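Student: Read off the chains here:
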Amino acid sequence: MAAERFPIEYGHVLMFARSIGDTNPIYSDEEYAKSTEVGGIIAPPTFVQASAQFNPDYGLRPHPDRPWHGSGKEPSGLRRPAPTSDGAAEGGGAKSDDAPTPPRGGGGSGLHAEQHYEYHRPLRVGDVLTATTRPGDTWEKEGRRAGKLVFSESVTEYRDEAGELVVTARSVGVRTERPVES
Amino acid sequence: MALAANDLTQGQQFSAALVDDLKRTQIVQYAGASGDYNPLHTDEVFATKVAGYPTVFAHGMLTMGMTGRLLTDTFGDGRLTTFGGRFSSQVFPGDDLTATATVDRIRQEGDEWFADVSVSTTNQDGTEVFRGTATARLDA
Chain A
0 MAAERFPIEY
10 GHVLMFARSI
20 GDTNPIYSDE
30 EYAKSTEVGG
40 IIAPPTFVQA
50 SAQFNPDYGL
60 RPHPDRPWHG
70 SGKEPSGLRR
80 PAPTSDGAAE
90 GGGAKSDDAP
100 TPPRGGGGSG
110 LHAEQHYEYH
120 RPLRVGDVLT
130 ATTRPGDTWE
140 KEGRRAGKLV
150 FSESVTEYRD
160 EAGELVVTAR
170 SVGVRTERPV
180 ES
Chain B
0 MALAANDLTQ
10 GQQFSAALVD
20 DLKRTQIVQY
30 AGASGDYNPL
40 HTDEVFATKV
50 AGYPTVFAHG
60 MLTMGMTGRL
70 LTDTFGDGRL
80 TTFGGRFSSQ
90 VFPGDDLTAT
100 ATVDRIRQEG
110 DEWFADVSVS
120 TTNQDGTEVF
130 RGTATARLDA
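Chains as they are written, first to last, in numbering that gives the first Met the number 0: chain A, 0 to 181; chain B, 0 to 139.
Note that these hints are calculated values from the structure, not bench results. Treat the hints with care, since some could be wrong.
Simulated pairs of lysine-lysine, DSS-like, Cα-Cα distance not exceeding 25 Å [stated by the list, open to error]:
(1) Lys-22(B) <-> Lys-140(A)
(2) Lys-48(B) <-> Lys-147(A)
(3) Lys-22(B) <-> Lys-48(B)
Predicted, not measured: the structure shown is a model, and the values here were computed from it.
Whenever a hint applies, use it, and build me the whole structure from the sequences.
Tutor: Dropping the structure here:
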């Protein structure tokens with residue numbers, strides 16, 4: 000989830016908090032936030048996931064000049080799925096920085112398996128972060144419901160303008176052979 | 000807002016209903032806010048006809064985001080030092096989710112006190128959809 004410049008903006012925090020159903024005024028009410036221990040509007044604990052908005056190449060957002068695998072005239076905008084391609088990993092997985100790739104025909108695709116955050120200080124509106132991602136381990140497992148599972152880990156460091164760590168994120172993506180029926 | 004170490008006991012539990020009858024619109028709302036427009040979450044035609052799922056399903060991070068609300072409402076804003084977990088089952092439109100946080104340990108590090116917490120989010124059938132841990136800084 001790389002981003003050279005990830006500004007933490009009031010409206011973005013507001014809409015993110017709404018989307019997770021969190022009405023806590025700490026995410027939107029400046030006057031209230033000033034009266035609290037943190038002293039200003041902060042972002043919800045999982046907010047850095049939204050750094051995808053500031054990744055110019057993020058693969059899980061349609062780009063005007065690229066094919067998109069979602070439906071249009073056809074169930075997939077990619078008329079000829081490449082047989083060797085990977086499913087697009089959800090969320091902060093290492094694959095999600097790649098260009099969009101079609102899922103294997105009718106089969107499994109990339110999913111988000113785990114997410115772990117370490118918070119070094121509260122993330123505040125007005126912060127401007129950089130996000131740098133490095134790949135971690137890869138491992139395989141035989142799944143009960145979805146066939147062979149291939150896990151891959153990535154670690155993203157979110158730093159402020161002083162270069163100080165604000166959040167460290169570790170994400171595990173999994174690719175499955177078949178859709179997961181729960 | 001924040002809890003003091005002596006307000007808590009090991010094994011103490013906190014629960015909250017996170018969502019009742021999850022709507023597809025909320026999944027789309029999360030896609031817009033997070034920037035993750037994966038059609039598995041946002042495009043019924045793609046999710047069913049191409050990917051082979053019964054319907055669209057929620058981003059794991061939507062479930063984790065909603066679960067985080069229990070932690071911040073319980074332990075205070077800006078008090079988490081870690082939060083993480085595993086997405087163990089999918090969340091579909093119509094699901095009702097409930098999260099429970101359990102205080103596993105209260106410990107002191109230097110002058111500071113922390114609670115180590117495990118958290119579990121389940122759906123209306125009792126199936127666990129997210130299981131994780133968190134650490135919250137407490138008042139002394």
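Student: Hint by hint, note whether the structure agrees.
Tutor: How the hints compare with the structure:
Using a Cα cut-off of 25 Å, the hinted pair Lys-22(B) and Lys-140(A) is violated, with the two alpha carbons roughly 33 Å apart. A distance of roughly 22 Å separates the Cα atoms of Lys-48(B) and Lys-147(A); the hinted pair therefore holds under the 25 Å criterion. For the hint linking Lys-22(B) to Lys-48(B), the alpha-carbon distance of about 20 Å falls within 25 Å, and the restraint holds.
The structure is inconsistent with hint 1 alone, although it conforms to all the rest.
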